[in-house]
Amino acid sequence: MQKSGPKLVWHSLGSIRGTIVLLTVIILACILGSLIPQNAQEAFYLSRYGSKLYRLLQLTDIIDLYHSWWFLTLLSLLGLNSLIHTLTRFSLRFSSAGPILARLGIVIVLVSVLISTLRRETGFMEIYEGEEIGSFFTGDKDKPLPFKVYLEDFIIEHYSDDPSSAIKDYKSKLKIIDRGQIAAVKTIAVNDPLRYRGYTFYQHGYDDRNLRYTVLQVGKDPGVPLVYVGFISLMLGLIFVSVVNPLITKDKD
Amino acid sequence: MINTIINIALAGYLISAVSYIPHLFSKQKTLSITSTITMILALSAHTVAIAVRWHMADHLPLTSLYESIILFAWLIVVTYLAVEFLYKLSIMRPFVTAIVILALSYASCLNSSIRPLMPALQSSWLGIHVVASLIGYAFFTISFVSSVIYLALFRGSAPNRPSLVSNLDALSYRTISLGFLFLALGIITGSVWAERAWGSYWSWDPKETWALITWLIYAIYLHARFITGWRAQRRAWLAVVGFLSLIFTYVGVRLLPGLH
Chain A
1 MQKSGPKLVW HSLGSIRGTI VLLTVIILAC ILGSLIPQNA QEAFYLSRYG
51 SKLYRLLQLT DIIDLYHSWW FLTLLSLLGL NSLIHTLTRF SLRFSSAGPI
101 LARLGIVIVL VSVLISTLRR ETGFMEIYEG EEIGSFFTGD KDKPLPFKVY
151 LEDFIIEHYS DDPSSAIKDY KSKLKIIDRG QIAAVKTIAV NDPLRYRGYT
201 FYQHGYDDRN LRYTVLQVGK DPGVPLVYVG FISLMLGLIF VSVVNPLITK
251 DKD
Chain B
1001 MINTIINIAL AGYLISAVSY IPHLFSKQKT LSITSTITMI LALSAHTVAI
1051 AVRWHMADHL PLTSLYESII LFAWLIVVTY LAVEFLYKLS IMRPFVTAIV
1101 ILALSYASCL NSSIRPLMPA LQSSWLGIHV VASLIGYAFF TISFVSSVIY
1151 LALFRGSAPN RPSLVSNLDA LSYRTISLGF LFLALGIITG SVWAERAWGS
1201 YWSWDPKETW ALITWLIYAI YLHARFITGW RAQRRAWLAV VGFLSLIFTY
1251 VGVRLLPGLH
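Which chain is which? The protein sequence lines are A and B, in order. Note that the working numbering gives residue 221 to position 221 of the first sequence, counting from 1, and the numbers run on in steps of one. Note that the working numbering gives residue 1108 to position 108 of the second sequence, counting from 1, and the numbers run on in steps of one.
No wet-lab data here; the hints were simulated from the structure. Note that this is a predicted model, so its numbers are computed, not measured.
Between beta-carbon pairs, the in silico distance windows are:
no.: 1; chain 1: A; residue 1: 131; chain 2: B; residue 2: 1222; range: 49 to 57 Å
no.: 2; chain 1: B; residue 1: 1247; chain 2: A; residue 2: 64; range: 24 to 32 Å
no.: 3; chain 1: B; residue 1: 1222; chain 2: A; residue 2: 50; range: 36 to 44 Å
no.: 4; chain 1: A; residue 1: 146; chain 2: B; residue 2: 1237; range: 52 to 60 Å
no.: 5; chain 1: A; residue 1: 114; chain 2: B; residue 2: 1247; range: 25 to 33 Å
no.: 6; chain 1: A; residue 1: 195; chain 2: B; residue 2: 1011; range: 51 to 59 Å
Glycine residues also receive a C-beta, built at the ideal position from the N, C-alpha and C atoms.
Let the sequences and hints guide you as you build the complete structure.
Structure representation (structure tokens):
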């Protein structure tokens, strides 16, 4: 089929060749990012790479590669390529369901990663038993929360009765107080955070010398619900591509 | 005790590989049967070792590199036996067994002590994350062997045994497409777990980054099939590169700082 003009441009933007070129460049960028330590102190880079090379790494954002505008542009182009590929070659045959779901999954995951990179807030909260706190700190700044967190109890569990034995788990019993009302109660543990109004509270740290105190990690990431949708779509798509489709074509042989 | 059982399995795999080699050049049925029987016996010992370890540790035996490599080797054998049964490609047996022997020998040099589980590892995501990733790795290992044999048979312009060569190519594609699915599951469950335990579903830690790099290399492989200009040989080389990246993800990344 002959194509011309804008239609051809549109078609090649969504081409498999385009996918392969973008994947190759993204792979090379990831290798670079894993070999050059990210977001370290200036002194570290100066002693390791010298001032000239450090300037270059700084100008090209290679020291914060995964959040740089050019890396995010590459991810966006991959998402665009995937989306255009799906739209221009759309078909309602059953065997197309897998590739369509998988590619849409990738597009959704990439959009979530962009949202998270640009909009994610994360920080910490130090809290004593019996205390009620309405803010958390990120770097050196204090950020207000639209509600308050109350620590009722901090619990540390060991593998045996001996308090010097390895730690099995540590937990905090938290209450959320919103507009004067107790809005949520939960005992959080290392793998089990509390979520409330877009904020998530993770059990983070403790102090051996003061067991009535704990550190919570606080996060607000508007990309999280969407990334889960993308994960499900991607997995369903891959199950169709790698398992269901081969089984069906085998039956026809 | 476990080391003894693993050594018995190792010896079994070794006998199985060696007794198969003459079979590569002739059609002597008896040797091939010896090889099959020792392989199954070795696999049984290997299974017992994992079960004993599980029982002793009181948690899934997946929390150290030692435990993970032993399961990885076990999965390679199981996957390979299924592939051999379905594709009748027993030519791969000595090569796959050699990788299993290397993996188990490497494991026996590692620290095999059982340590109590740190809090972050006490998650129901641990099992599915590690097992899915290792099943993916096992499929990729099979695809590596079939691709290397493919490339070896393809020296010169025309293949020596056309039907064998096209079978190997088909097998590489099937195993990579399954490995791709399982590695995706491994990465995704790791991501969900990280979000629950550390508050971020992706933090570009070196292990994450390299697992992604490996997955993307295989993504190129799977897409390359739809490009007319790409010959199958080039894809076979890509499968080899993917496997090297996988090995770096599995054991090499430890040299870089990170969570795993």
